[in-house]
Amino acid sequence: MTLSQINTELDWNQTLYFTEMGGEDAEAWSAGMKDYNAQIQATTPNFTQYLAAGDDHCMIPYTRFYEVTEEGVPLVDWVASVAAGERPQPVFCDGCED
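With our numbering applied, the sequence shown corresponds to residues -12 to 85, in that order.
Just to be clear, a hint being listed does not mean it is correct.
[Stated by the list, open to error] Now the in silico label distances, taken between C-beta atoms and shown as ranges:
no.: 1; residue 1: 7; residue 2: 74; range: 29 to 37 Å
no.: 2; residue 1: 73; residue 2: 45; range: 19 to 27 Å
no.: 3; residue 1: 12; residue 2: -8; range: 15 to 23 Å
no.: 4; residue 1: 47; residue 2: -12; range: 15 to 23 Å
no.: 5; residue 1: -10; residue 2: 64; range: 27 to 35 Å
[Said to hold, decoys possible] SDA-like, lysine to any residue: derived pairs with alpha carbons at most 25 Å apart:
no.: 6; residue 1: 21; residue 2: 0
no.: 7; residue 1: 21; residue 2: 62
no.: 8; residue 1: 21; residue 2: 32
no.: 9; residue 1: 21; residue 2: 8
no.: 10; residue 1: 21; residue 2: 82
no.: 11; residue 1: 21; residue 2: 63
no.: 12; residue 1: 21; residue 2: -7
no.: 13; residue 1: 21; residue 2: 52
no.: 14; residue 1: 21; residue 2: 66
no.: 15; residue 1: 21; residue 2: 53
no.: 16; residue 1: 21; residue 2: 77
no.: 17; residue 1: 21; residue 2: 64
no.: 18; residue 1: 21; residue 2: 60
no.: 19; residue 1: 21; residue 2: -8
Worth flagging that the hints you see were computed from the coordinates, not collected in a lab. Here the structure is a predicted model, which means the values were calculated and not measured. All C-beta atoms, glycine included, are put in the ideal place defined by N, C-alpha and C.
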């Protein structure tokens, strides 16, 4: 079973809750999210992730699910791979892996 997560680099909804609970700002949330996902990636062989540019919250119920492409990989195809039981390579938006 593949475990996966989809995020945007500056998800407006997650950063809203983060700052309301005392977090510094969207960049601090993003850095923490990236660190946490890197830890999961390093310790969980069946985990993969897709990190898209922008600040959208949720992808699958919106048309952007069919429009987002990072590293030449359309999000819809990446999710289809996960749904088929595959473990696609992690995908990061340009400059987002830093």
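Structure-inconsistent hints, enumerated in ascending order: Number 5 only.
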